[in-house]
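Trainee: Generate coordinates for the entire structure from the input sequences, incorporating the hints supplied.
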Amino acid sequence: MNQQNLATILAIETSCDETSVSVVKNGREVLSNIVSSQIESHKRFGGVVPEIASRHHVEQITFIIEEAMNEANVTKEEIDAIAVTEGPGLVGALLVGVNAAKALAFAWDKPVIGVHHIAGHIYANHIVDELTFPLLTLVVSGGHTELIYMKEHGSFEVIGETRDDAVGEAYDKVARTLGLPYPGGPRMDLLAQQGDPVIDFPRAWLEADSYDFSFSGLKSSVINTLHNAKQRGDEWTNEEIAASFQASVIDVLVTKTMKAAKDKGVNRLLLAGGVAANKGLRQALTEASEKEGLKLTIPPLKLCTDNAAMIGAAGTFLYWSGKYADDRLNGQAGLMLD
Amino acid sequence: MNILAIDTSTYVMGVALLKEGVPVGEIVTHEKKNHSVRLMAGIRSLFNEVDLEPKDLDRIVVSEGPGSYTGVRIGVTTAKTMAWGLGIPVVGVSSMEQLAQNGRHFPGLISPFFDARRGQVFTGLYEDQHGTVRELKENRMAIHTNWIEALKEFSQPILFLSPDMEKHEQLIQDELGELAVIGSPMECLPRPTELALIGMQKPVQGDTHTFSPNYLRLAEAEAKWLEANGKRKENG
Ligand SMILES: [Zn+2]
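Just so you know, the protein sequences line up as chains A and B, in that order. Using the UniProt record's numbering, the first residue of the first sequence is number 1, and each one after it goes up by one. Using the UniProt record's numbering, the first residue of the second sequence is number 1, and each one after it goes up by one.
Keep in mind that the hints are not guaranteed to be accurate.
Unchecked claim - Derived pair list, reagent style BS3-like, types lysine-lysine, alpha-carbon separation capped at 27 angstroms:
no.: 1; chain 1: A; residue 1: Lys-291; chain 2: A; residue 2: Lys-262
no.: 2; chain 1: A; residue 1: Lys-43; chain 2: B; residue 2: Lys-224
no.: 3; chain 1: B; residue 1: Lys-55; chain 2: B; residue 2: Lys-202
no.: 4; chain 1: B; residue 1: Lys-19; chain 2: A; residue 2: Lys-110
no.: 5; chain 1: A; residue 1: Lys-173; chain 2: B; residue 2: Lys-224
no.: 6; chain 1: A; residue 1: Lys-264; chain 2: A; residue 2: Lys-291
no.: 7; chain 1: B; residue 1: Lys-33; chain 2: A; residue 2: Lys-323
no.: 8; chain 1: B; residue 1: Lys-55; chain 2: A; residue 2: Lys-110
no.: 9; chain 1: B; residue 1: Lys-19; chain 2: A; residue 2: Lys-76
no.: 10; chain 1: A; residue 1: Lys-76; chain 2: B; residue 2: Lys-55
What the hints assert, rightly or not - Using C-beta positions, here's what the derived DEER-type ranges look like:
no.: 11; chain 1: B; residue 1: Pro-107; chain 2: A; residue 2: Glu-66; range: 46 to 56 angstroms
no.: 12; chain 1: A; residue 1: Arg-203; chain 2: B; residue 2: Leu-226; range: 36 to 46 angstroms
no.: 13; chain 1: B; residue 1: Asn-48; chain 2: A; residue 2: Glu-67; range: 31 to 41 angstroms
no.: 14; chain 1: B; residue 1: Asn-48; chain 2: A; residue 2: Glu-78; range: 18 to 28 angstroms
no.: 15; chain 1: A; residue 1: Val-158; chain 2: B; residue 2: Thr-132; range: 56 to 66 angstroms
no.: 16; chain 1: A; residue 1: Asn-267; chain 2: B; residue 2: His-30; range: 56 to 66 angstroms
no.: 17; chain 1: B; residue 1: Asn-34; chain 2: A; residue 2: Lys-230; range: 44 to 54 angstroms
Everything labelled a hint here was simulated from the structure, so no lab data went into it. Ideal Cβ positions, reconstructed from N, Cα and C, are used throughout, including at glycine.
Mentor: See below:
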């Protein structure tokens, strides 16, 4: 790996309902990071509709590329490679980004680099504060809940993951039960700030030596509690339910993360993924890290949610190590991180 | 004019190049394989074969649909992004017009179609005019029996062209009898060079950014939502 070489990467991310393009210099300097969210289009369906997401990506893609190039104030000659999310995600959505990246790479005679979406989320932290190893990342999003150990750049070991729902998914489902509009996660977090965790919801610890997670039992417990309360005629406020649910989620996430950090002997901790925007989680993890003397990095909100700058940051290291993709690069819904 | 043409609107993958307006090569495969994996490799190898470079291009022509949503998107995304990257125009051509062109010497009506499941087809109606087909009825999605019923009124021989002929041939024969002419297997496959030649003649419309597929159909969720909310779909 020759990190002395300067690298300017154009990065594209279209794995879900955000069309995003960024120009990143040397893996850390974000020259532009344009994010076009489709959330308004999907709201009325109560969730992301894959076909509609794909259609929006096609309509947006060159607009966003041009905007990212203009804002970064770079010419195509200054771009060294095109990086793109190859998975995981919605396959139809991924295909737009992947084929746009390959077309641009061909037109401009540049290498194309396929980036794992979760690697991108992890590398959002590198933009904030250079990664040091070994480190542990807690990835939390609508599709993922994972503990990932890294001994060096480009090396990812998934040591724990959810066995059922992802954290963000559990948030959205409980939010729907409470009748909150989509997307429910951020609203739940807001409500939780305003209520007390008066209900003792279960915590799924699983086996003593496991770093895995499970949230489906908690979700069912919330739904049952709501149902029974209604029958008995007592009412919990939405604030109390949200606070109690969030307390259970955060307790498990933070406790398992701290245990894994200790067992693995790391002193660097990262929080990544869309749910990293959750105030309650940020606060609890910050407190626990301070107590244990761990250095914790949490990206600012705009780097937590899906964005292309993080793909550019991760892609830069692949560029430096010569890990280029070829013309057969494809979108892969279930791509593994390794 | 140097032109690249791309068609991935059905399982047929087509790439063609024109040099100074003259066809110099095409790659066509009829296998049901992944366009996303094969399209760029096909484009690159064709450029190598005919000794052209992307920067030599003057325009890119693409089959804009109707057809497979994902397939059309792969072609359109590739075409518009490459066109934007090269600073040249992208021109969309109806996949139906491209296919109809295979029957341009037929002295009657030409009805190209793709299967659209549940008895439906994407289709249109054309006739020859000095070697270039002219649209008589605009592209649409229709129940195939209804479409054929409407064609009876022309009382003319009709040439049917489709890569999905096997599934529909019986129905066409049964309904139209002697008026029906079934295209040969080669005539039934969309050709990228025809696409390039049609696209060369077309004026450039709109800009690259807003160029998008012609799906002819709303996304299913959208259609259901409109139905549930009592609104009529505006165009189709
Ligand atoms: Zn994500």
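Trainee: For each hint, tell me whether it holds in the structure or not.
Mentor: Here is how each hint holds up against the structure:
{"no.": "1", "hint": "Lys-291/A - Lys-262/A", "result": "12 angstroms, holds"}
{"no.": "2", "hint": "Lys-43/A - Lys-224/B", "result": "15 angstroms, holds"}
{"no.": "3", "hint": "Lys-55/B - Lys-202/B", "result": "21 angstroms, holds"}
{"no.": "4", "hint": "Lys-19/B - Lys-110/A", "result": "24 angstroms, holds"}
{"no.": "5", "hint": "Lys-173/A - Lys-224/B", "result": "22 angstroms, holds"}
{"no.": "6", "hint": "Lys-264/A - Lys-291/A", "result": "17 angstroms, holds"}
{"no.": "7", "hint": "Lys-33/B - Lys-323/A", "result": "26 angstroms, holds"}
{"no.": "8", "hint": "Lys-55/B - Lys-110/A", "result": "13 angstroms, holds"}
{"no.": "9", "hint": "Lys-19/B - Lys-76/A", "result": "26 angstroms, holds"}
{"no.": "10", "hint": "Lys-76/A - Lys-55/B", "result": "13 angstroms, holds"}
{"no.": "11", "hint": "Pro-107/B - Glu-66/A: 46 to 56 angstroms", "result": "48 angstroms, holds"}
{"no.": "12", "hint": "Arg-203/A - Leu-226/B: 36 to 46 angstroms", "result": "44 angstroms, holds"}
{"no.": "13", "hint": "Asn-48/B - Glu-67/A: 31 to 41 angstroms", "result": "33 angstroms, holds"}
{"no.": "14", "hint": "Asn-48/B - Glu-78/A: 18 to 28 angstroms", "result": "27 angstroms, holds"}
{"no.": "15", "hint": "Val-158/A - Thr-132/B: 56 to 66 angstroms", "result": "58 angstroms, holds"}
{"no.": "16", "hint": "Asn-267/A - His-30/B: 56 to 66 angstroms", "result": "59 angstroms, holds"}
{"no.": "17", "hint": "Asn-34/B - Lys-230/A: 44 to 54 angstroms", "result": "50 angstroms, holds"}
Figure legend: structure checked against the earlier numbered hints; every hint is met.
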